[in-house]
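Novice: For reference, the chains in residue letters:
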Amino acid sequence: MSAASTAEPAFVAKTKTGRFTDFVDSRVGGSGILREFGRKVFPDHWSFMFGEVALYSFVILLLSGTFLTFFFDPSMAETHYDGGYVPLKGVEMSVAYSSSLNISFDIRGGLFMRQVHHWAALLFVASIAVHMLRVFFTGAFRKPREMNWVVGGVLLILAMAAGFTGYSLPDDLLSGNGLRIIDGVIKSIPVIGTYISFFLFGGEFPGTAIISRLYMLHILLVPALILLMIVLHLFMVVVHKHTQYPGPGRNDNNVVGYPLGPVYAAKAGGFFFIVFGVIALMAAFFTINPIWNYGPYDPSPVSAGTQPDWYIGFVDGALRLMPGTFGDWHVEQIFFGQVFTFNVLLPALVPAGILFTVMFTYPWIERWVTKDDREHHVLDRPRNAPTRTGIGVAGFIWYCVMWAAAGSDLIATHFHVSLNDVTYWLRALFFVGPIIGFIVAKRVALALQRKDREIALHGRETGRIVRLPHGEFIEVHAPLDEYKRYKLVGFESPEVLPAVPNEHGVVTRKEKRRAALSRWFFEDRVAPATPAELEAAHGHGHAAVESTEEAKSLTH
Amino acid sequence: MKALSQKRRHPLAAIALLLMGLLITGGLYAVATTVNEAKASTTTYSASDVEEGGKLFAANCATCHGMGASGSKDGPSLVGVGAAAVDFQVGTGRMPMQMNGPQAMKKPVQFNDEQTHQLAAYVASLGAGPAIPEEHLLDEGGDAAAGGELFRTNCAMCHNAAAAGGALTRGKFAPALADVSGKHIYEAMVTGPQNMPVFSDANISPEGKRDIITFLKQIETTGSPGGADLGSLGPVAEGLFVWVAGLGVIIAFTIWLTSRTS
Numbered sequence: 001m002s003a004a005s006t007a008e009p010a011f012v013a014k015t016k017t018g019r020f021t022d023f024v025d026s027r028v029g030g031s032g033i034l035r036e037f038g039r040k041v042f043p044d045h046w047s048f049m050f051g052e053v054a055l056y057s058f059v060i061l062l063l064s065g066t067f068l069t070f071f072f073d074p075s076m077a078e079t080h081y082d083g084g085y086v087p088l089k090g091v092e093m094s095v096a097y098s099s100s101l102n103i104s105f106d107i108r109g110g111l112f113m114r115q116v117h118h119w120a121a122l123l124f125v126a127s128i129a130v131h132m133l134r135v136f137f138t139g140a141f142r143k144p145r146e147m148n149w150v151v152g153g154v155l156l157i158l159a160m161a162a163g164f165t166g167y168s169l170p171d172d173l174l175s176g177n178g179l180r181i182i183d184g185v186i187k188s189i190p191v192i193g194t195y196i197s198f199f200l201f202g203g204e205f206p207g208t209a210i211i212s213r214l215y216m217l218h219i220l221l222v223p224a225l226i227l228l229m230i231v232l233h234l235f236m237v238v239v240h241k242h243t244q245y246p247g248p249g250r251n252d253n254n255v256v257g258y259p260l261g262p263v264y265a266a267k268a269g270g271f272f273f274i275v276f277g278v279i280a281l282m283a284a285f286f287t288i289n290p291i292w293n294y295g296p297y298d299p300s301p302v303s304a305g306t307q308p309d310w311y312i313g314f315v316d317g318a319l320r321l322m323p324g325t326f327g328d329w330h331v332e333q334i335f336f337g338q339v340f341t342f343n344v345l346l347p348a349l350v351p352a353g354i355l356f357t358v359m360f361t362y363p364w365i366e367r368w369v370t371k372d373d374r375e376h377h378v379l380d381r382p383r384n385a386p387t388r389t390g391i392g393v394a395g396f397i398w399y400c401v402m403w404a405a406a407g408s409d410l411i412a413t414h415f416h417v418s419l420n421d422v423t424y425w426l427r428a429l430f431f432v433g434p435i436i437g438f439i440v441a442k443r444v445a446l447a448l449q450r451k452d453r454e455i456a457l458h459g460r461e462t463g464r465i466v467r468l469p470h471g472e473f474i475e476v477h478a479p480l481d482e483y484k485r486y487k488l489v490g491f492e493s494p495e496v497l498p499a500v501p502n503e504h505g506v507v508t509r510k511e512k513r514r515a516a517l518s519r520w521f522f523e524d525r526v527a528p529a530t531p532a533e534l535e536a537a538h539g540h541g542h543a544a545v546e547s548t549e550e551a552k553s554l555t556h
Numbered sequence: 001m002k003a004l005s006q007k008r009r010h011p012l013a014a015i016a017l018l019l020m021g022l023l024i025t026g027g028l029y030a031v032a033t034t035v036n037e038a039k040a041s042t043t044t045y046s047a048s049d050v051e052e053g054g055k056l057f058a059a060n061c062a063t064c065h066g067m068g069a070s071g072s073k074d075g076p077s078l079v080g081v082g083a084a085a086v087d088f089q090v091g092t093g094r095m096p097m098q099m100n101g102p103q104a105m106k107k108p109v110q111f112n113d114e115q116t117h118q119l120a121a122y123v124a125s126l127g128a129g130p131a132i133p134e135e136h137l138l139d140e141g142g143d144a145a146a147g148g149e150l151f152r153t154n155c156a157m158c159h160n161a162a163a164a165g166g167a168l169t170r171g172k173f174a175p176a177l178a179d180v181s182g183k184h185i186y187e188a189m190v191t192g193p194q195n196m197p198v199f200s201d202a203n204i205s206p207e208g209k210r211d212i213i214t215f216l217k218q219i220e221t222t223g224s225p226g227g228a229d230l231g232s233l234g235p236v237a238e239g240l241f242v243w244v245a246g247l248g249v250i251i252a253f254t255i256w257l258t259s260r261t262s
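Heads up: the protein sequence lines correspond to chains Y and R, in order. Quick note: the first sequence uses the working numbering, first residue 1, plus one each step. Quick note: the second sequence uses the working numbering, first residue 1, plus one each step.
Keep in mind the hints are simulated off the structure, nothing from the lab. Please read all numbers here as calculations on a predicted model, not as lab measurements. Using N, Cα and C, we set each Cβ at its ideal position, and we do this for glycine too. A portion of the hints provided could be inaccurate.
[What the hints assert, rightly or not] Below, simulated DSBU-like cross-link-like pairs (lysine-lysine); rule was C-alpha separation at most 35 Å, straight line:
(1) Y:LYS187 <-> Y:LYS40
(2) Y:LYS484 <-> Y:LYS143
(3) Y:LYS267 <-> Y:LYS16
(4) Y:LYS89 <-> R:LYS55
(5) R:LYS107 <-> R:LYS55
(6) Y:LYS89 <-> Y:LYS241
(7) Y:LYS89 <-> R:LYS73
(8) R:LYS172 <-> R:LYS7
(9) R:LYS107 <-> Y:LYS187
[Said to hold, decoys possible] Coverage of chain R stretches by chain Y, computed from C-beta distances (three or more under 8 Å per stretch; other residues unrestricted):
(10) 48 to 58
(11) 73 to 80
(12) 132 to 138
(13) 212 to 225
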């Protein structure tokens, strides 16, 4: 015993704080965690911060939502309003609506918190959307991040579910109309639709059960699932490390950036308060979901301008675009004694189904086409993957057309055009828009690549005309510095992979399809300038002039 | 009673019964229809009003509505539309119409109050129709909550629950109701201008109309308790705002945070 103590005297901190931290550290190992995480390197780019915005919005949603649960009562029992808002005094309504009004008018700070919660919800889904667009267009979903892309997609769906269940809670006219549409969509599902609707609403719409059921989903199940997915998402970010934009010294084996501690931790912490501040300012100065305008829900009235929150808008827009008849043919049909309400079923489920299916499977589609099984940690500039960029823009435009259709009435009134014409145009764009978007985006990307190649090979045009001794005129091109040139030439450019026979010597039909897709993806690719080409371009005539000119300009 | 039962086989009994039946049906019908009709013109206009109105009409309106307001292929007959219709259409500047379109647009008023009164007198003299509402119906002293319920059930599907207006088919629209006088709101309800249906007194009682006007004026004076109302247009305006202003400001901050002094 005494031998051990003489060999290694135990560390004793000098100050009280030191002794306290040492006590905690020797039990939870905090310094080890800090050492590991504090040294994690993150690359710096503004487009990498949207995931953070989503995370912070979620934290704000949890905080403000907890405040709201203290005062919200999800009961559909009938009551007569007796609060501070005079135009609704004495009106018969549900306890849920009455308590939402009380939060708005009779609870100190309640209206502010309601508006913080709602604005944060809109920002939450919007920042997820922008984050996913960034990930898609830069190819950050490639190996090893395919699973994390799927987790992100699930988060988007959960965020929409959280938003929709919350939208329905106040039991005002707007939310009731929204629920009615959902009820209609559910009922349009053949055979089982009516059963699901009865099961969900506990009887015929609206019943007395739906608000409390949605409330449980909204405050318990959906946030718990979101939290679980966020943990998975961030865990994978740590495991995979962060991606980085291409640049000198950056490759698939390193991460160039700043360590988390101390600068990044401070920046991220500050950014949380910036996001909080922006949301708080919006909530303080701009009203959102003025439930007192809409009145209590009653299945008979519908207000003009009834729309879902923006993230459900594209489904609403698709419903608005769907015609009920094609000439004399009615879209609603009766087969085997069952009514098939295709005019609701198709627009409500098919576009969203296509969007999410393509979104979830896209990493595997591209992987299959390119046969690329390598890890990618350096991002693509969108122009350097023209077909992917084209596909992304096509999907984006398709979404936006449906999204715009959800506001067709406001487009008509604000631009003084006919509502019918708005619908006809959007119907046309629904089919043509994505095709035009694909072609234009791909051509623009290819053109930008050609410009990059041109600049890498011949430098920047300076506008200076020089006459050579033998009388020839040339324009001087300023060569790029190496760092800038790296960005223009240092990218991967997959080539067309023709179909190859399998081990039995057979070219399968699937392989042929893959080859066809590969051709469609890459046949018109613009190859990056090779070292040989660079050498050749700088070896001949005016490269020499350029360098002497450069030397001259440096001397004077 | 006995005398009556003895005479029930009199040769004229059937005719008497028939007459009685007709009288009762006719009388009930007359009562019912007067209830259904908005109050017919009771205000008396002076003969000079009517005469002056006739001159104004011939000079300004007859091109489309025809001499004697009997209508032409360019404009409907105004016989029986009543003084309320004239007061609304002329008093809000919708008539004389600036140009043909999906519906007559509001614009600066073309006639002064006296001329409008004279035009109303002339049109009212052509046939009975809804009169200009009496003052006590426009005093905004009704029940705002009841008016709100009536408004949401009858008006909100076109005019929006917050009376911010909305779109109709083929370029027609229901206008926003802020800054519309109580008198014009009432007149619109009883005459159904442009594409609006008529809300007769049997549909919404005069007191109900008074409640609706009270409600509309109250939400107008209350303003927006939650800050700028973004046009009271609902989730589309909110979504646009969060994408443009909210995300815009945040993107500006992200650029600032990741910028390096170079």
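Novice: Next, verify each hint and record whether it holds.
Specialist: Each hint tested on the structure:
{"no.": "1", "hint": "Y:LYS187 <-> Y:LYS40", "result": "violated (51 Å)"}
{"no.": "2", "hint": "Y:LYS484 <-> Y:LYS143", "result": "holds (27 Å)"}
{"no.": "3", "hint": "Y:LYS267 <-> Y:LYS16", "result": "holds (30 Å)"}
{"no.": "4", "hint": "Y:LYS89 <-> R:LYS55", "result": "violated (50 Å)"}
{"no.": "5", "hint": "R:LYS107 <-> R:LYS55", "result": "holds (23 Å)"}
{"no.": "6", "hint": "Y:LYS89 <-> Y:LYS241", "result": "violated (57 Å)"}
{"no.": "7", "hint": "Y:LYS89 <-> R:LYS73", "result": "violated (50 Å)"}
{"no.": "8", "hint": "R:LYS172 <-> R:LYS7", "result": "violated (65 Å)"}
{"no.": "9", "hint": "R:LYS107 <-> Y:LYS187", "result": "violated (47 Å)"}
{"no.": "10", "hint": "48 to 58", "result": "violated (count 0)"}
{"no.": "11", "hint": "73 to 80", "result": "violated (count 0)"}
{"no.": "12", "hint": "132 to 138", "result": "violated (count 0)"}
{"no.": "13", "hint": "212 to 225", "result": "holds (count 6)"}
Violated hints for the displayed structure, listed by number in ascending order: 1, 4, 6, 7, 8, 9, 10, 11, 12.
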